[in-house]
Amino acid sequence: MTTTETPQKPSLPIVENFTRRAAVKGAFATLGAGAFVAAISPLRQAARNSSAAEFMQTHYSELSPEQKADVIARLEAEAKEKYDADVTIADDRPIPGTKFVYAINLSVCNGNGKCVEACHKENNHDRDTNQSYIRVIEMPKGTMDMEKGSTTYTGAVPKDDKFYLPVQCQQCDEPPCVDVCPVKATWKEEDGIVVVDYNWCIGCRYCEAACPYHARRFNWKKPEVPAKEVNPDQSYLSNRIRPVGVVEKCTYCLHRTRRGKLPACLEACPTGARVFGNILDPKSNIRWILENKRVYILKEELGTKPAFFYYFD
Amino acid sequence: MLRPTNLIFAATSILVVFMIAVVVSKRAGQDGLAPVAEDIRSGTRQELRPAADTGSSKASTTSATTRTHPVIIRQPDGPPRVKLTGFDPQGRSGEVACSTCHSVRQPNLENKTPETLDEFHQGLVVNHGKLACYACHNPEDSDSLKLADGTKVAYQDVMTMCSQCHGPQATAFAHGAHGGMNGHWDLTRGPQMKNNCVDCHDPHSPAYPKMMVGFKPKDRFNAPRADHHDHEGAESHDDH
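Those protein sequences? They're chains S and Z, same order as listed. Each residue of the first sequence is one higher than the last, beginning at -15 in the working numbering. Each residue of the second sequence is one higher than the last, beginning at 269 in the working numbering.
For reference, chain S alone in the conformation it holds in the complex:
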């Protein structure tokens, strides 16, 4: 071959020597770029839903006191902006020497649902869905099988052949929900309360699936609470208004109980079926019940070791 036979004549703007290999390479590069864009596209959503500060916020247990103060100030400002409510968000820590335990007298509970309503209001739940951490199950007498119960009963209670089983978070000592969390956004604190860092939760709902008591709730949409109905007395790990897409749960009203007060559901109970206290205090009401009443726990066979007892008398 001679070089003279390839003159530098002007050609159309096409890729020269466009081989099959190059075509395949180009196609896969395009596919790869497309897949990458698709993969990071949720970030655009994230950028719209959360501020940079929220995006950069670290896990609750790793926050320094100054960072915590900043986070709380930001959350209070957000509550003002989104809900037009002046709230105070505290960071209530466990009281040393306490382990909270709940007991319910099923002979007395008549299923009126006042506890459900009190929880709804106290914990700033979504008004549209009547969300609450408590579910009262109407059970046929003679069984403890929760599958046989119903939560949709209405009318006058108690009905003759039924008893009523209020179920909420049992604050297990072996919490399955904590075990399954892939990001450690939920954990058990020293006073026995299982809490959620709502800003660390990724909303995978593994915990909701793992809980044998149906105690966890998922925020499918932004909770709607009218400004004048917002409970301004809030805590970071408790009843502050949760963002959309995270899991939430009963905290034994830690914003009340860690300040020595009784939980809202107990105060609302008109029948006096609910008893709350510190199991480490030998003189407490709850200890007297555990020592003198026939108490039992739900789904004992699962080994979750609930801090929630039921009794008949």
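Derived from the structure by calculation, the hints contain no laboratory data. Among the hints, erroneous ones may be present.
Unchecked claim - The calculated lysine-lysine pairs, modelled on DSS-like cross-linking and capped at a C-alpha distance of 25 angstroms, are:
no. : chain 1 : residue 1 : chain 2 : residue 2
1   : Z       : K478      : S       : K105
2   : S       : K168      : S       : K146
3   : S       : K205      : Z       : K484
4   : S       : K105      : S       : K64
5   : Z       : K486      : S       : K105
6   : Z       : K484      : S       : K132
7   : Z       : K486      : S       : K212
8   : S       : K125      : S       : K105
9   : S       : K172      : S       : K52
10  : S       : K205      : Z       : K486
11  : S       : K98       : Z       : K398
12  : Z       : K462      : S       : K83
13  : S       : K206      : Z       : K462
14  : Z       : K484      : S       : K98
15  : Z       : K420      : S       : K143
16  : S       : K105      : Z       : K484
17  : S       : K125      : Z       : K462
18  : S       : K212      : Z       : K462
19  : S       : K146      : Z       : K380
20  : Z       : K484      : S       : K125
21  : Z       : K478      : S       : K143
22  : Z       : K478      : S       : K146
23  : S       : K168      : S       : K125
24  : Z       : K484      : S       : K277
25  : Z       : K486      : S       : K66
26  : S       : K132      : Z       : K478
27  : S       : K206      : Z       : K484
28  : Z       : K462      : S       : K98
29  : Z       : K484      : S       : K143
30  : S       : K132      : S       : K146
31  : S       : K146      : Z       : K484
32  : S       : K132      : Z       : K486
33  : Z       : K351      : S       : K98
34  : S       : K267      : Z       : K414
35  : S       : K105      : Z       : K462
What the hints assert, rightly or not - Label pairs and their computed distance ranges (CB to CB):
no. : chain 1 : residue 1 : chain 2 : residue 2 : range
36  : S       : K143      : Z       : Q343      : 48 to 58 angstroms
37  : S       : K212      : Z       : G482      : 38 to 48 angstroms
38  : Z       : T353      : S       : G81       : 57 to 67 angstroms
39  : Z       : Q343      : S       : S45       : 19 to 29 angstroms
40  : Z       : P375      : S       : K212      : 49 to 59 angstroms
Virtual Cβ for every residue (Gly too), placed ideally from N, Cα, C.
Given chain S's structure and the hints, the job is docking chain Z onto it.
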């Protein structure tokens, strides 16, 4: 021969030995500290013990140090007053004490139901065992109650009277396992308010009344699914 590898080996071994030494000394330090910590702990225990002892000798000081707030049991205001339906010439509606009528009437100790009365109290619903009126009401002083042995009890102390028959409930009440409460579980931080018997139970008809269910959460899986007509894996029905 000074090769770089030899130098590195020497440096690493020196570092390892040094680290071991540090760890061992730290352990030793902890061992040394442990008895001190134990002393501190036992010291506090001993400090606590005399305090508790003085507390038991002086009950008031204990209550001041450990139980700063009381458990307040609500009480009735006093003997019931009967509202009169009529008005006097000045337009006032009167209220009279039980003794206004009962001090001049002979008590019928046998009477058990309002049906046998020809005047007053006819509308009263009484469903409290087979008790006679004067099992609880005091025939000598109608503005007070009486125990089974005849001891006079003020209306404010009605719980004393209830407790003579309802002992298990009274025991449970004393331990917070019966009757509602409000306020604080931790009495060092605030008081606790408890209901009394007649706050929840009508003394004449003490069975707890039925209630209406007012509030229901709308669980997603309880809501009817209007748009959902795919019954794969579900029970079939003929509605559509």
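### Message
So if I understand the rule, the pair passes when the alpha-carbon distance is 25 angstroms or less; does K484 of chain Z with K277 of chain S pass?
### Response
The hint is violated at about 31 angstroms.
### Message
Hint check: K462 of chain Z vs K98 of chain S, CA-CA at most 25 angstroms. Holds or violated?
### Response
holds (18 angstroms)
#### Entry: Given pair status - K125 of chain S, K168 of chain S, alpha carbons within 25 angstroms
Roughly 40 angstroms separates the two Cα atoms, so the pair is violated.
### Query
K125 of chain S and K105 of chain S: Cα distance at most 25 angstroms?
Not satisfied, since the Cα-Cα distance of roughly 31 angstroms exceeds 25 angstroms.
#### Entry: Outcome of range test on Cβ distance (P375 of chain Z, K212 of chain S; 49 to 59 angstroms)
holds (56 angstroms)
### Message
Does K478 of chain Z sit within 25 angstroms of K132 of chain S, going by the straight-line distance between their CA atoms?
### Response
holds (23 angstroms)
### Message
Check whether the Cα positions of K267 of chain S and K414 of chain Z lie no farther apart than 25 angstroms.
### Response
violated (33 angstroms)
### Task
Take a quick look at whether K486 of chain Z and K66 of chain S sit within 25 angstroms of each other, Cα to Cα.
Within the cut-off at roughly 24 angstroms; holds.
### Message
So if I understand the rule, the pair passes when the alpha-carbon distance is 25 angstroms or less; does K484 of chain Z with K132 of chain S pass?
### Response
Holds, because 19 angstroms separates the two Cα atoms, which is no more than 25 angstroms.
### Task
Could you grab the alpha-carbon distance between K478 of chain Z and K143 of chain S and see if it respects the 25 angstroms cut-off?
Within the cut-off at roughly 9 angstroms; holds.
### Message
Checking one constraint from the list: CA of K98 of chain S to CA of K398 of chain Z, max 25 angstroms. Satisfied?
### Response
Violated - the C-alpha atoms of K398 of chain Z and K98 of chain S are around 33 angstroms apart, more than 25 angstroms.
### Satisfaction of hint between K146 of chain S and K168 of chain S, Cα-Cα up to 25 angstroms
violated (40 angstroms)
Consistency with the previously given hints fails for numbers 2, 8, 11, 13, 15, 17, 18, 19, 23, 24, 33, 34, 36, 37 and 39, ordered from lowest to highest.
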